Amino acid sequence: MGYHHFAVDDIEPTPDRPSTQRSLSDAADLENAAVNLYEVAPGEDIPLAYHYHDDQEELFYVLSGTLAVETPEGTYEVGEDEVFVVEPDSPQRAHNPESATDPVRTLAVGAPAVDDVHPYEQE
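Under the UniProt record's numbering, read the sequence shown as residues 1 to 123, first letter to last.
Some clues are possibly wrong.
[Said to hold, decoys possible] Simulated restraints, written as ranges between beta carbons of each label pair:
1) Pro-119 to Gly-74: 15 to 21 Å
2) His-5 to Thr-71: 35 to 41 Å
3) His-4 to Glu-121: 35 to 41 Å
4) Arg-17 to Ser-64: 14 to 20 Å
5) Gly-43 to Asp-81: 20 to 26 Å
6) Pro-18 to Glu-77: 15 to 21 Å
7) Thr-75 to His-5: 23 to 29 Å
8) Pro-18 to Gly-79: 17 to 23 Å
9) Pro-13 to Glu-80: 20 to 26 Å
10) Leu-63 to Leu-30: 16 to 22 Å
11) Ala-33 to Glu-12: 17 to 23 Å
12) His-5 to Glu-31: 17 to 23 Å
Bear in mind the hints are in silico, worked out from the structure with no lab data behind them.
Given the structure is predicted, the values throughout are model-derived calculations rather than measurements.
Don't be surprised by glycine CBs; every beta carbon is placed ideally from N, CA and C.
Whole structure, please, built from the sequences with the hints as guidance.
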């Protein structure tokens with residue numbers, strides 16, 4: 001049996017990210033899911049680039065604020081206590097617009113925990 005209990009604020013942010021990312025999956029030694037808490041100031045992105053995954057499904061649960069998720073079909077506004085799901089091969093860029101007045105706090109889950117990210121080039 002294995003259990004993990006920790007305070008999220010005790011997790012050091014991941015360096016070199018466009019917003020504050022705390023890897024809950026690393027802290028809990030998870031192997032099958034990537035779980036991250038993001039704190040996104042106005043004008044900041046969550047991913048390093050507009051991207052898509054071959055196999056990974058992503059779920060964004062907005063804890064506070066409004067997350068903007070840009071897709072080829074348009075931009076979705078995801079409010080507090082709402083969820084946005086991205087299926088594999090679906091390009092997206094999650095961010096907090098520069099025009100926002102409040103930060104966004106979002107729990108992101110990706111499964112399987114694979115590094116299959118590809119930059120998406122807009123046409």
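Verification of the hints:
no., hint, verdict
1, Pro-119 to Gly-74: 15 to 21 Å, "holds (20 Å)"
2, His-5 to Thr-71: 35 to 41 Å, "holds (37 Å)"
3, His-4 to Glu-121: 35 to 41 Å, "holds (39 Å)"
4, Arg-17 to Ser-64: 14 to 20 Å, "holds (19 Å)"
5, Gly-43 to Asp-81: 20 to 26 Å, "holds (24 Å)"
6, Pro-18 to Glu-77: 15 to 21 Å, "holds (19 Å)"
7, Thr-75 to His-5: 23 to 29 Å, "violated (37 Å)"
8, Pro-18 to Gly-79: 17 to 23 Å, "holds (22 Å)"
9, Pro-13 to Glu-80: 20 to 26 Å, "holds (22 Å)"
10, Leu-63 to Leu-30: 16 to 22 Å, "holds (19 Å)"
11, Ala-33 to Glu-12: 17 to 23 Å, "holds (20 Å)"
12, His-5 to Glu-31: 17 to 23 Å, "holds (18 Å)"
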